[in-house]
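Each protein sequence line maps, in turn, to chains D and Y. Per my numbering, the very first residue in the first sequence carries number 1; after that it's consecutive. Per my numbering, the very first residue in the second sequence carries number 1; after that it's consecutive.
Source of the hints: derived by calculation from the structure; they are not laboratory data. All the pointers check out, no bait thrown in.
The list cannot tell twin chains apart, which means a pair is met if one copy fits it or any two copies do.
Calculated lysine to any residue pairs in the SDA-like style (CA-CA distance at most 25 Å, straight line):
| id | residue 1 | residue 2 |
| --- | --- | --- |
| 1 | Lys35 | Ala77 |
| 2 | Lys301 | Leu432 |
| 3 | Lys35 | Glu229 |
| 4 | Lys35 | Thr74 |
There are 2 protein chains.
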Amino acid sequence: MEKALNDTAPDLNRASDPDPIADDEIGLSPDFVRKVVDRIDAGDAPSVRAAAVDLHPSDVAELIELLRPDERRTLVAILGPDLDIAALSELDEGLRDEVMDYIGPGRVAEALADLDTDDAVYLLEDMEESAQQALLSRMPDEDRAQIERSLEYEEDSAGRLMQRDIVVVPPHWNVGQAIDHLREADDLPETFFEIFVVDEMYHAIGTVPLSRVMRTKRPVPIQSIMDVEQTLIPADMDQEEVAHQFEKYNLVSAAVVDEDDRLVGMVTVDDVVEVIQEEAGEDLRRLAGVGDEALTDTVIKTARSRFPWLFANLFTAAIAAVVISAFGVSIEKMVTLAILMPVVAALAGNAGTQTMTVTVRAMATRDLVDFNVGRVISREVLVAFINGFIFAVLMGLGVGVIFGDWELSGVIAVSMVITLGFAGLSGILIPLALDRAGADPAISSSVFLIALTDAVSFLAFLGLATWLLL
Amino acid sequence: MEKALNDTAPDLNRASDPDPIADDEIGLSPDFVRKVVDRIDAGDAPSVRAAAVDLHPSDVAELIELLRPDERRTLVAILGPDLDIAALSELDEGLRDEVMDYIGPGRVAEALADLDTDDAVYLLEDMEESAQQALLSRMPDEDRAQIERSLEYEEDSAGRLMQRDIVVVPPHWNVGQAIDHLREADDLPETFFEIFVVDEMYHAIGTVPLSRVMRTKRPVPIQSIMDVEQTLIPADMDQEEVAHQFEKYNLVSAAVVDEDDRLVGMVTVDDVVEVIQEEAGEDLRRLAGVGDEALTDTVIKTARSRFPWLFANLFTAAIAAVVISAFGVSIEKMVTLAILMPVVAALAGNAGTQTMTVTVRAMATRDLVDFNVGRVISREVLVAFINGFIFAVLMGLGVGVIFGDWELSGVIAVSMVITLGFAGLSGILIPLALDRAGADPAISSSVFLIALTDAVSFLAFLGLATWLLL
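The task is simple: from the sequences and hints, build the whole structure.
What follows is the structure, encoded as structure tokens:
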């Protein structure tokens, strides 16, 4: 497709163009996007259609995200029934409702019934209750029942993530029977990587990777080639923990079980990859005080989502201002204090942020656990004091040389050790405390941390200076 | 195993204990770890052996990471030849060399030859040249040649990540022939999810997921069931881009090709999951000025790796100090300026960090591309000015009411708009500029950003105050 667009216009209508994904350039090239947008703006429906109709659903989603709202509507209208509904699950959440509106509930409901349950649930779960019900009521009874059962699980749980159509065989079957069953069954998932072995009570008792089934002769019993050491995922497990299991044990799919260890579905690695990206982005944004925003959000929505953190910061900064104002007289007498105090606060804030980031990340990857928490805390405090002493010497020397005041030099050196040590301790204790309290350790750790390190820096430096120098 | 340890000591020696992974508790419980460590410290080899020998390699790695160095050595000695070498690839990089030393090069070389090429390369690539050569020279010629060819690709490229043993069939075979080939071939990877179809020149022309092979009758030609729209990964593609392709197109494995589109290997999703976690952690750490550190690093190594960023921060903070010192006379006359200036700087720093984080993340997930960069920049600036105006009003009112000085109130309000607007613009332009210059947009963005927002905040606020009020 891209090649076609790079050539001449009439080529766009050729149905036999090479596939863009297998093309020289992977995905959408900026040039391709620009040309499609030009055609959309020019109202050239046949060209747009020819260019977009054979794109991978993920590329269609990317294209939609890059368009302006009016262009999106036009593209959806041009594609009509050829728009692959799978593109919806690849879209930013904020855009999904918009595009579904363009498509219309009738076609969406029809398409949902054809999707694997996990994909259908993914599209439905964030919708408003009324819109969700409207779509569900248009779906065939059996599909609706399956989706409704998945929606009963809590948000972000394995139950929401799982696919209900799975391949299940009894242990006494042989490989040949299993293969014949696969060839005949018609409600199987689109792709799958292992088959699950269950007993008569539907307890998950083993798994066999497809590659092993393939490589085994037909008369061999499944029981003799199955892995019994499998990672069973409880349906109420949080998706972050599910992702951790997949990463740790290098899984491609895993059985999901109910509270009686009965098989209810499977989670596949493609959904887990999504979860990992989501959670990593979430930690990053939360540490910086940004909500769940996407580039396609409106300016007003974005400004509003960033406001609360800045507002909280206004109060924490006010605490620092109150501390400084207590030493107003000292600053009037010795204005150098006002010049140096932001340096102390900056270093403390940064040292604390380093520790906090390492802590939050180690908690996310489960490297920091109950067993080693004591050791890690003392390690962090030690690191903080080592750098505290080094920067005490550096700052002390610098201030002594530049201002020729070796008493002030001593004061800033001592403040440096106190504040960097304190910053290290806060950097690890704040996220740990938030976690113990049941909160996300990433969220608002920075607000508390910077408020504390600022206040302690100003207090230590201005306090010591007032006490010793004035 | 965990259950055994929770009971009585002799139970530890039973070979028929339930597997800990399929056990009630997934992975290692803190209690299990504590008991194993107690037995290691007590020199109770049989109990330790019984507890650890059947653990999943990933759990063995986790256990090793949680131990003190002397305990690690003891555990490796106790396990002896029963230590599954696969545990090595799950270990923190810093610990790998240590544990390989305990195991000895002879056994490591032997075990490496049995691993899939991608896993062997993963273990070898970070070693020192001499240690790497020593191990390679002990390996069988064929394995060594394969690994050496992979090591010729650049670090962090698809060529390093790929597995060389792949399943390849010609398009004219039928399903039956493919299955028979699978049953007979003996150099296949441990698990695989699709088979690759190549022409006589070994060009990758299609793929068939195993589940489709299984579900198709024996006489059907492979050609008629293969997907021709496949994502081909060039061997020199950066691993971050590989991960992006997997995530975007929901892949479980993909063909890796040389510059002539000839199949040279495949990348599987388990390695990609690792890459995604690695890259997400890297962005997070780099934004906070932390290097590639692990919790198992020594205190000295950690302190040293965090020093450079703090040192850079010393200089950027000094710039702010220089700006303030230029207004020393103003501060002496009006000490309120010293009290309020950190508030302006804090808000500007935070607003800038918000924008920068969103920008760095959007670049990592490829949501921010050439096509929409102009639109995103104007969006960010608009968001910054909207919040700038809101906080100008809030700060202006607060200062006016608290200090009863409405001229100062006006000055801080105007400074707020200037600095928040500037912070938003810097937050997006700095990572973009770093990226254009070929640097990682995450690394050191914060140093530049906070240096700039601090300097501009102090300059705007103190400058305006000096000009208008004094």
